[in-house]
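Undergrad: From first to last, the protein sequence lines are chains A and B. The numbers in our numbering rise by one with no breaks, and the one at position 66 of the first sequence is 66. The numbers in our numbering rise by one with no breaks, and the one at position 129 of the second sequence is 1129.
Fair warning: there could be bad hints in the mix.
Listed below are several chain B residues computed to face chain A (Cβ distance under 8 Å; list not exhaustive) [to be verified]: (1) S1011; (2) P1012; (3) V1013; (4) R1015; (5) H1058; (6) D1088; (7) T1090; (8) D1091; (9) R1093.
Have a look at the derived ranges for each label pair, beta carbon to beta carbon [said to hold, decoys possible]: (10) A/E126 - B/A1099: 36 to 44 Å; (11) A/S116 - B/G1101: 19 to 27 Å; (12) B/G1101 - A/R14: 30 to 38 Å; (13) B/M1024 - A/E126: 23 to 31 Å; (14) A/S73 - B/G1101: 20 to 28 Å; (15) B/W1049 - A/E4: 34 to 42 Å; (16) B/A1030 - A/L29: 41 to 49 Å; (17) A/E4 - B/N1048: 47 to 55 Å; (18) B/A1117 - A/F27: 19 to 27 Å; (19) B/G1023 - A/P40: 26 to 34 Å; (20) A/E4 - B/G1079: 43 to 51 Å; (21) A/L119 - B/R1046: 28 to 36 Å; (22) A/P80 - B/N1048: 46 to 54 Å; (23) B/R1114 - A/P38: 30 to 38 Å.
Derived from the structure by calculation, the hints contain no laboratory data. Keep in mind the model is a prediction, meaning the values are calculated, not measured. Cβ coordinates follow ideal geometry from the N, Cα and C atoms, glycine included.
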Amino acid sequence: MNDEISLLSHSLARAASRVLMEGSFLFTLEADEDAELPAPFIAARVQLRTEDQPVLWVDFSVQEALAVEITQSHLGETGPVEAEDVRNTIAELVNVIAGAFARLVVAPGNLCSIGSPMLRTEALPEGGAGVMLTTDNGQPLRVWLWAEGQ
Amino acid sequence: MSYRILVVDDSPVARKVVRRALGMTQLEIAEIYEAGSGVEALASLRSNWVDLVLCDVHMPEMNGQELVEHMKQQDDLKGTPVIIISSDTTDARRDSLLAAGADDYLHKPITPERLRAAVLCLLHPENLT
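Build out the structure end to end from the sequences listed, making use of the hints.
TA: In structure tokens form, the structure reads like this:
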């Protein structure tokens, strides 16, 4: 199962890269999987139920400064943005990333269900797998995937 | 021709993003109404004249598919076109929503170009360039 999650996490990274490019004009590269995401960061997770996979959780973590830049890009703002908008943007993004990921892993014809995204304040669970990404100007972010109950 | 558009999404940021995208379409927008669920959308539709509904799928209380199905059963609402804007990119979900009566289905993140084309295709196909 862990090998499968590890493989799926790379599909998740591809989905995240595509979403960030389309929605935020951010180009990302996969970085060293052991790299750390320095605090402070904002994380959000969402549950993905499919007909052909175990129940999965998709997590997206991004440093606060980059989260602000992403929010400015999404809202077309050049000045300060409200902290609530930043948190909501990251929550919305994990939702969109999960949807793009589903297209890569859900068998044609099968439905999936994406839950309500929520901010994550607790530590990531054991047993998942993730991929570190860096933007083209070197800012780190991370996607993480785990199966419920694993 | 200016349009009155109802944006339905439980995420306030997603509604802002759609508002921004509409502002960049170069379409003439008379009014943008917002609703956070299908239930709120129906209340808005009963009190406002709307040319088009832009609607998310996964929402509390009444989701996008339930809203479309409800609208298509109402004589006064079934003619109002609905474009689904969803993070769910699976073909099965798209097919399900179109079968329920949605008029088009766009994936998030949306772009002003795709939104403009979808709106014109539904409301003014003769102006689609």
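Undergrad: Looking back at the numbered hints, which does the structure fail to meet, lowest number first?
TA: Hints 4, 13, 14, 15 and 22 not satisfied by this model.
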